[in-house]
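Engineer: Residue-level listing of the chains:
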Amino acid sequence: MGSGPLRQDDLELDGPLLLVECPVGPAPARTPSAPDPHDGSLPASSAPGVHWADYDGDLIALDLRTDRFVALGAYASAVVSATLGTPAAPGPRDGEVLAALARRGLLTGGPAAGPWSPARPARPGGVTTNAPRPLAGVARTAPAARPGLPLLLAARSHLLTCERELRRDGLSALLADRPAERPARPDDLPVAARLVRAHLAVRRLWSRPQHPMAAPAALARHAWRVGLPVRLVVGVQKHPLHSRAFVELRGTVLDDDPELAGALAPILVVGPEGEAA
Amino acid sequence: MTQLAGYVDLHPDQRPARRLRELLGTAGSVPVEGDGWLVAGLPPSAPVAGVPARDPLPGDDAPVPVVAGTAQRGLLVGRLFERDGDLSRRCAEPVPLEWLAGDGELPRRRWGRYAGAAVRPDGTLLLARDPIGHLPCFHVPYAGGLVFATRMALLVDLLGERPDFDWDRLGTFVVQGPGPTTRTAWQGVSQLPPGTLLRRTGRETSREPLWSAATVAAGGGADPDPDALRDTLRACTRAWVGSAPVVALDLSGGLDSSAVAWAVHADLRGDQTFQPRYVYFPAGASLDERPLAAAVTERLGSELLVVDGADLLPLTPPKGPLPRADAPQLQFTEARLNELLAEQAGPAAEALGGGGGDQVFVLKGGGDHLADHLRRRGPLGLVEAWRESRHGLTPFPQLLAAAGRELRRARRREPALTGNDFDFPRPAWLSPPDPGTPLELPAGAAGLSAVRAGQILGTAYWGDAVDREHRNPHRPSVYPLLSQPVVEFALRTPVPALVDHTGDRLPLRRAVRGLLPESATDAAVKGSYAGMYQLALRHNAAVARELIMDGRCAERGLVDPESALADLVATGRGFVRGPNWPLYNLLAVELWCRAWRP
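Here the protein sequences come in this chain order: C and S.
0 is the number of the first residue of the first sequence in numbering that gives the first Met the number 0; add one for each residue after it.
0 is the number of the first residue of the second sequence in numbering that gives the first Met the number 0; add one for each residue after it.
For reference, chain C alone in the conformation it holds in the complex (with noise of 0.2 Å):
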């Protein structure tokens, strides 16, 4: 995000393993076991359930089983680019810093389950605030859209699952619910801005304090439900950290700011493909 470089004494003041965490929301009720230890050996790929983000050479994790983001200093970045991406590579190579981050649970000693690619954003710059602007998606292009009693009920019901789902397993909830299991409709986006109109509806009257990503999970599972390939996606951006989960259908923001299709890193995404990045 245009930052400048990063020398790497500008805040390894601590050593070379810097990691500062940032819990996505509430702590989750249940959290999973903890991964194998590693036997011994160099980890040399990401643990099952970390997600990974780039952002400017600055690597943010996702851990899913903590439920926390793990931003890693400029030092332990340049290790694990080097060790997970192209191991043939140059970069440094320090057993410290990767033992440290397998203890952390970040990285196993096990194989790699393919090819490790960290999620970049597409216009590197980040977002211009950091307040959800929920009208400025889909919402926008049906002002007179009138949702019906069924549809908001639904919303109502999704509303309230992904808000207790979260609140009990945190984010590995979402990846739980698989999306379209009817015939996917095309990229209608009426349907999409009524659903949206709907969520908003409901969320107008809904007084419970909401785990933040609960909103765009209960619509992107509406969303499934009605046949829509819509793609729940986790971003992330660095300097200041900012975190935004949204939903979007092919490449069109549903429910905020449209910007954040291109200035957040993709950490997370779920949709009609499965889970990525």
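Hints listed in this document are in silico derivations from the structure and should not be mistaken for laboratory results.
Every residue, glycine too, gets a C-beta built ideally from N, C-alpha and C.
Worth double-checking, as some hints may not be accurate.
[Claimed, not checked] Simulated restraints, written as ranges between beta carbons of each label pair:
id, chain 1, residue 1, chain 2, residue 2, range
1, S, Gln343, C, Gly94, 50 to 56 Å
2, C, Arg102, S, Pro431, 35 to 41 Å
3, S, Thr181, C, Ser32, 55 to 61 Å
4, S, Ser430, C, Leu41, 40 to 46 Å
5, S, Arg555, C, Pro114, 50 to 56 Å
6, C, Ala130, S, Pro431, 48 to 54 Å
7, S, Arg593, C, Leu18, 29 to 35 Å
8, S, Asp226, C, Leu174, 55 to 61 Å
9, S, Gly502, C, Leu204, 21 to 27 Å
10, S, Arg555, C, Leu41, 17 to 23 Å
11, S, Gly502, C, Pro25, 28 to 34 Å
12, S, Ala100, C, Pro211, 52 to 58 Å
13, C, Gly147, S, His390, 20 to 26 Å
[As the list claims (entries may be wrong)] Stretches of chain S that chain C covers, calculated by requiring three or more beta carbons in the stretch to come under 8 Å of a beta carbon on chain C:
id, region
14, 276-287
15, 386-394
16, 529-537
Using the hints provided, position chain S relative to the given structure of chain C.
Structural biologist: Just chain S now, kept in the frame of chain C:
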């Protein structure tokens, strides 16, 4: 600029009296004296210890005499303007002594930036500070008498020795930032709150409001007239700008600074240069408002000066010395940037900013404003809450709950303010624990609605937050939105006309709508400076670390350095939702302590 200093009840041989008479030897000094007292106006060429002396400049303000009949009884320093008629007319005529009285004539007859001292024939000392607090007034007991000055360095020079730091106040500053209080960063030294009159008779000292924001607000009620606000803002800006050859303005492209840009431009004379400037930091989209600022200057037909701030980030060491400022302001961290901007604008420039607009015209926060809508419109106020909820951010029930809490509080006659209202969460690295010393609240504010009380307290914060020597070392920066007539306009405006579901700062938006781009008048969001300060911590990590680890606060046990260092790392690395003001305030305190190092 001209400084005010003086004493009462001192013998001429005592140190402050002797030193002040030495300083009065400077050409251009103005003394007013009587038996055991002296009030002096000192030009910028006076050789005050720790302050670079300079020759007077065009635009420096001569002191205004305070008179009783034909006898001079004191002085007002600063810049005074007319209240009746042309608001932009500069007033240098003597001020009658009786105008300096509680709830007095002075703020009804004059507005501007001033501090004054006068001694009545019965020996009573009167110290006065303007309603907004553009100029400070410090005072300290001395050997049965009282010594006062409008600059801390001048007061210290008169005393002959530096008082000890007040660590409790400095610790409170870390979580409060600047705010209305009689305390200062020095033990034993007090300051006059904005809009206050100090009366000292014999050894009895009392304070009373010279001006009351609560009283002004009580006199309002009519919906604002955009034409009237436009005229008021324009006249006030014209007054501040005067005949300055260069008018520099920090322009972000947001509502406040853009409104000031319009007001400057509207009355700019052919022999004046308007220099709107935008400092660009490569710190992400949330901070890059260049297109907004450029849209404003394009609309006005001016040229935007874009300053590359990559090497001017906060904490970048300045080339010259840090000023011995009155208090540890955050502007210390931007010393290098300030140096450059001051050089670019030149010594005769007036440096303007849009500061104060958020507080004077009120930002939206929570649902407290809905209580004011309900008070005004009865049950129809619920419509406003419903409309507010359409933004999808705060549900209708939560808005109703917030409004209900505020209405219940008012019905029980509980205060709307506590004095710790705007405190930031106390960081774990700071001792002693909560609560910090509360601020001293403006008179009558706590009995008003929460939004109105917040408006008054927020405006009062500026008395300590205005920049008196950083952006322009020769005279205080100018904030036209903090002009007393503009502030009074906003205070008289009913809260529902300040904030509703369509937005905040509504009178100001309406006043400049059509005159500026919609991006300035109708923007729903504000930029964030979190990115700039985070970038500064990363680029100047070594400086920040040294300030914390080798700092006076750590040495005094006020700060746990290891915890503060961990906070520094976390803040610089990310994962902070907004600016970490307590940390930046700590760095400002340390820089201020260094500036005052012997």
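Engineer: Give a verdict on every hint.
Structural biologist: For each hint, the structure was consulted:
At roughly 52 Å, the beta carbons of S:Gln343 and C:Gly94 sit within the given window of 50 to 56 Å. Remark: the range hint 35 to 41 Å for C:Arg102 to S:Pro431 is upheld by a beta-carbon distance near 37 Å. A C-beta distance of roughly 59 Å is found between S:Thr181 and C:Ser32, which places it inside the suggested range of 55 to 61 Å. Evaluation of the 40 to 46 Å hint for S:Ser430 and C:Leu41 yields a pass: the beta carbon distance comes to about 43 Å.
Between S:Arg555 and C:Pro114, the C-beta spacing of about 55 Å keeps the proposed range 50 to 56 Å intact. In this structure the supplied range 48 to 54 Å is violated for C:Ala130 paired with S:Pro431, their Cβ-Cβ distance being about 35 Å. For S:Arg593 paired with C:Leu18, a C-beta distance near 33 Å keeps the hint of 29 to 35 Å intact. Remark: the range hint 55 to 61 Å for S:Asp226 to C:Leu174 is upheld by a beta-carbon distance near 59 Å.
Range check, S:Gly502 to C:Leu204: Cβ separation about 23 Å, and the 21 to 27 Å hint holds. Distance hint check for S:Arg555 and C:Leu41: the Cβ-Cβ separation is about 46 Å, which falls outside the suggested range of 17 to 23 Å. The given range of 28 to 34 Å is respected by S:Gly502 and C:Pro25, whose C-beta atoms sit roughly 31 Å from each other. For S:Ala100 and C:Pro211, the Cβ-Cβ distance of about 56 Å falls inside the hinted range of 52 to 58 Å, so the restraint holds.
Remark: the range hint 20 to 26 Å for C:Gly147 to S:His390 is upheld by a beta-carbon distance near 23 Å. With 6 residues carrying a beta carbon less than 8 Å from a beta carbon of chain C, the region 276-287 of chain S meets the three-residue requirement, and the given coverage holds. For the region 386-394 of chain S, the stated coverage by chain C holds: 6 residues have a C-beta nearer than 8 Å to a C-beta of that chain, and at least 3 were required. Look at the region 529-537 of chain S against chain C: 6 of its residues bring a Cβ nearer than 8 Å to a Cβ of that chain, three or more, so the hint holds.
Of the hints listed earlier, those the structure fails to meet are numbers 6 and 10, in rising order.
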